[in-house]
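Given only the sequences and the hints, what does the whole structure look like? Please build it.
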Amino acid sequence: MKPAVTIRESQLGALFRAYIKVDAALVVMTVGPFYLNRDTAVVPGASIAELFSLRQDRDDEIATPLETAIPAMADTPERLELFCKRKNIRLAGIVFSTDDGYLLALNIVPEDFIIEGQGLHISDFSQIDASVPALTLIGMQRALLAEARQAAIDLANAQSEALELLDRTQRLGRYIVHDLTNYLSIIRLNVANLARSGGSAETSRAAIEAATRHVGDLVLSLERLTGHRDVEATPIPLDQTIRSNLAFLAAALPSDFTLDFIGGAGQAAVRVGRTELVTMLTNVIVHARGAMPDGGSITISTYRSDVGPDADAPVSEGGWIVIKVIHDGPAMDEQTVRLMLDPQALARPDGADFPLRSARTWARSIGGDARITALPTGTDICIHLPIAGEAGAEEPHIAPVAAVARPRVVRTARVLVVEDEVHALDAVVEILRMEGYVATPALNAAEAIEALSGSEFDILLTDVVMPERSGVELAHEVEAQNPSIGIILMSGYFPDESLLKPHWHMLRKPLDLSLLSQTLAASHAKRADITAS
Amino acid sequence: MYGMAHRALRQMMHDRLGASTWTKVERETGTGPADLISLCVYDDSKTIALISASAAHLGLPVEEALRDFGRYWVRYAELSSFGPIMDFTGQDLVTFINNLDRMHRSVVLAMPDARVPSFTLLDETRQRLLVRYRSERTGLEAFVIGLLEGLMDRLNETGTVHVAERTENAAGTVIDFAIELDRT
Ligand code: HEM
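Protein sequences, first through last, are from chains A and B. Heads up, the first sequence is in my numbering, so the first residue is 1213 and it goes up one at a time. Heads up, the second sequence is in my numbering, so the first residue is 19 and it goes up one at a time.
Treat the hints with caution; some may be incorrect.
[Unchecked claim] Chain B is faced by these chain A residues, among others (derived, beta-carbon under 8 angstroms):
{"no.": "1", "residue": "Ile-1327"}
{"no.": "2", "residue": "Leu-1332"}
{"no.": "3", "residue": "His-1333"}
{"no.": "4", "residue": "Ser-1335"}
{"no.": "5", "residue": "Leu-1347"}
{"no.": "6", "residue": "Gly-1351"}
{"no.": "7", "residue": "Arg-1354"}
{"no.": "8", "residue": "Leu-1356"}
{"no.": "9", "residue": "Val-1427"}
{"no.": "10", "residue": "Gly-1428"}
{"no.": "11", "residue": "Val-1431"}
FYI, nobody ran anything at the bench for these hints, they're computed from the structure. Ideal Cβ placement from N, Cα and C applies to all residues, glycine included.
Right under this line is the structure:
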């Protein structure tokens, strides 16, 4: 009888990847592509009874020999399931009888629907075999589960990092508050000096200017800390930086102190912010001052060293730079000294040891460390910093320049100063008066308007952010009433430009004093021109 | 593209330039954790923005970065939890390329909005494979070159990939890539 359909061997292989044609004695004649390169020994001439066993449904069942099972299943819809004896491979299909034996139409049954470790490939399954999407989808699901687990871990890590960052930020925030307070007291000291005519006005003025600049830079550190700015410090030459700030450092000390510097580090540079360094040294000096009620001498020296602060310190390829601050004064006991740098010890932000802790935190944040040793008289503070390179050209002199050329005021100008922070208002008014202006204070927009109704002004100098009415609104109103008045806005940030008029001046807070007087002079000169024409 | 591509890119940037650079890429492109969910679909412009920003940090032209990313994807898929699917697709170049479409078709059953490409082996000699790539997208040529190079690497072959023919229009892309293998 002619068969109803003729299937070619290649088609057979496409449909049943693991088919086996055997003769009546169950000896293999031809096989499907699955067995290629697979070391199953399923090759023409082999006996399938030796290669495979029949799948049993129950353990206590006695396996039927293939010799009887295959002829019995031939041309029935019954499922034949075979195990390969050599390899962990399971095959399933049905049996057809042929002219010269049997066709076992078999495909692979994946174990437990897990791809791993079975050595199976997509092409081992026929095009229509649903095992491929099933296996792939299960693989995808496992992959995505693993990823979800990883995401949960990432999230937990991010949370603990955030907490740590918060903790560090709080600590650093406290240090910065402390540093700012220090600078404020330097400013006060020197303002008092200025008021007492007879002191060196230029020195005090320079110290105040430098302090305000450092305070401005501290604000920058805060911005960096809070992620407002991405600033990477470039290496600065240590000796030159200290030398050029020595006058400023000395301004932190009353007159019964001496401050010496012995620079031995040559051109070695460290990767720190200039202000951070000056602030740290100011802190250490202020601390030393506190320990020396009767005055005395403080010496800062620097040198290079191949040896790090201790065995646990990270390696520094370029070696180390050591800053040593030695001061005389009453001796301290070991315990007090140890507690001074212990970050775990309860730190009161106003405690005498607080500055030293901030010095150590700072040094460690850049890969160094700080140590303190009690001397028979006084203490020896040693700060190790990793060398980040050698400086080339001579560092520009950034010390407070004593005699800054100031634009002189042509005619006494009348300035209305509006600022809601009373101390800041006092300070600006004070400075303006020192500069020769007639300054009138106002604490808010309402007070300013009232002042304007009573007298005439050449310049309105106003803060931007104020409760109730902002400086920008005030400026618009004042200018509408008095078109020839000069307008200067001051703010910690730059407000929306679309709200500003192009001829207004803008000053960034904290105020740079020389810039303030330049701007006032320029604004006043322009106004003088307008009124003259 | 699906978020899995973004996750892979993030991993590549972590490996190459560290987590802080990736944070910058995220900041520059307005990307957050919600843009990195594997099974979420994002507009291709997001993927392109991330790649361009990464390229800038790597100091590479975008095309070079795409190619690097293609190479990286193969290693990433292999080392991440997609490893078993990669193994399932094939352990030699010809099998792998022949099975790639079936793999992608199966994968997208779980990701209905994916637009997967098609790869056909047009011609095969011992030293040269001619592979036709068809895609609804344009502009991924360098990415595919990187992928094919990555595959060669993974399957212990060496050689070069170049474009033999290219048709790119609004309907998509058809590119024939020639893989010249260093076989004797
Ligand atoms: C386990 C590994 C892989 C998975 C899970 C996977 C999955 C996917 C998915 C879901 C997409 C669609 C993205 C979308 O439209 O949102 C895609 C795209 C793509 N896949 Fe794969 N893939 C894998 C491996 C590979 C490999 C090894 C190649 C190498 C040739 C490749 C080539 C591509 C290409 C070129 C595209 C871009 C789509 C286009 O050209 O239009 N994939 N893949």
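Results of checking the hints against the structure:
1. Ile-1327: 4 angstroms, holds
2. Leu-1332: 7 angstroms, holds
3. His-1333: Hint holds; A/His-1333 Cβ to chain B Cβ min 5 angstroms, cut 8 angstroms.
4. Ser-1335: Since chain B brings a Cβ to about 6 angstroms from A/Ser-1335, closer than 8 angstroms, the hint holds.
5. Leu-1347: 6 angstroms, holds
6. Gly-1351: 5 angstroms, holds
7. Arg-1354: Status holds, d = 6 angstroms.
8. Leu-1356: Where the cut-off is 8 angstroms and the nearest Cβ of chain B is about 6 angstroms from A/Leu-1356, the hint holds.
9. Val-1427: Status violated, d = 28 angstroms.
10. Gly-1428: 25 angstroms, violated
11. Val-1431: 22 angstroms, violated
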